[in-house]
Amino acid sequence: MDQVISADNLAALTETQLDVLERRIAGKYMNIVPWGAIAWGIGNCLVFIALFPLVLMDILPLWLASPIATLSILLSYLPSHEAQHNIIAGRGKPLRWLNELVGHVSTIPMVYPYRVLRATHMEHHKHTNHPDKDCDIDTHAKSNADFLLQSLKNRQPGSARNGAYGRCLQRIGRSELMLDAVLMQSAYLMILFVMAWTGHAIEAALLWWIPKMIAETYLTYFLAWAPHYPGTELGRYRDTRAFQSRLGNVLSMGMQFHIIHHLYPRIPLMKTPAAYRELRPILQKRGCELGGL
Amino acid sequence: MGQFFRVLLSPMAFAAGFLWPLATQLLVGLGIVEAGWPAVIIGAAVAMPLGILAQIRGSWIWIK
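Chains as they are written, first to last, in this note's numbering: chain A, 1222 to 1514; chain B, 22 to 85.
Calculated from the structure, these hints are not laboratory results. Note that the structure is a prediction, hence the values are computed from the model and not measured. We put the beta carbon where it would ideally sit given N, CA and C, even for glycine. Accuracy of the hints is not assured; some may be wrong.
Chain B side only, calculated, beta carbon under 10 Å to chain A, not exhaustive [what the hints assert, rightly or not]:
no.	residue
1	24
2	26
3	57
4	58
5	80
Put together the whole structure using the sequences plus the hints.
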């Protein structure tokens, strides 16, 4: 197999042979239970929740707890993302309960309901960069500065982004899932309101409200904007790119290799760099945008 | 029930439920106003116009 994956030999392969080879390589990285992501998703949520009593009982100073909360919210999405793609366990598998548990629990800090994320994310995969059907199309922007401006606009109550997931769920006939979003958002607001009116507004702002805004912007930049930039092309090998992040792979949350995720969503996040390295010559031959990575 | 959630999730509710006490506590915490009714009233004067702006215009910061 290794001998086959050289640029010279690839040129001799037919389209079907290339397909088979690509899928065989990708298959090596699938069906692996990501125990690290499981521990990360549940542990991170517990850390986030623990910050509140620790600060309110003066055990942890707010100046230290606030950056921890920001980091915790930043880290809360990706374990759920593994669950959305059934990477931990598919339907009917013994560990299915764990897949669903991680999915539901890990996004509590960022106040996003798992079932809504899963349904809309599948639509994003099906229709990446489609102007009407990609529910993340509102995150596209022409440049870094434009992204920040767009992000600010998207955060406003009257923005089109605000209703994007609702419209997507309606289009696919899953409007009932909006109840999850309404209940979760209501619980979040009630907690903020109660904390605020009992004299802990600054704590609520620095532990949840502001960290959530910072984390959402950072996550959107690396998960939605950067891997799909410029976001104008459709098609399996052109709608997502690899890119070299100035911040490196860890700080860009593994998204440099997001093209692998879109091609093979069942490959766990931690395995995408290795899969990318092995698939790179094939992706190059396919005409993918690899951003010098 | 639908009406309850519509109100709870509205910008005005956020201004009254969170921004108002936040503004009050920030003003007191930074030593700008002494704790008491004046702080509460000034907190409302800061937060509620923002809530009205967001409710009517659909934006907390004017730009859309």
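Quick rundown of the hints versus the structure:
Restraint check, residue 24/B versus chain A: the minimum CB separation of about 12 Å is more than 10 Å; hint violated. A least Cβ separation of about 5 Å between residue 26/B and chain A falls short of the 10 Å threshold, and the interface hint therefore holds. Nearest Cβ of chain A to the Cβ of residue 57/B: about 14 Å, over the 10 Å cut. The hint is violated. Hint on residue 58/B is violated. Least Cβ distance to chain A is approximately 15 Å, over the 10 Å limit.
Nearest Cβ of chain A to the Cβ of residue 80/B: about 4 Å, under the 10 Å cut. The hint holds.
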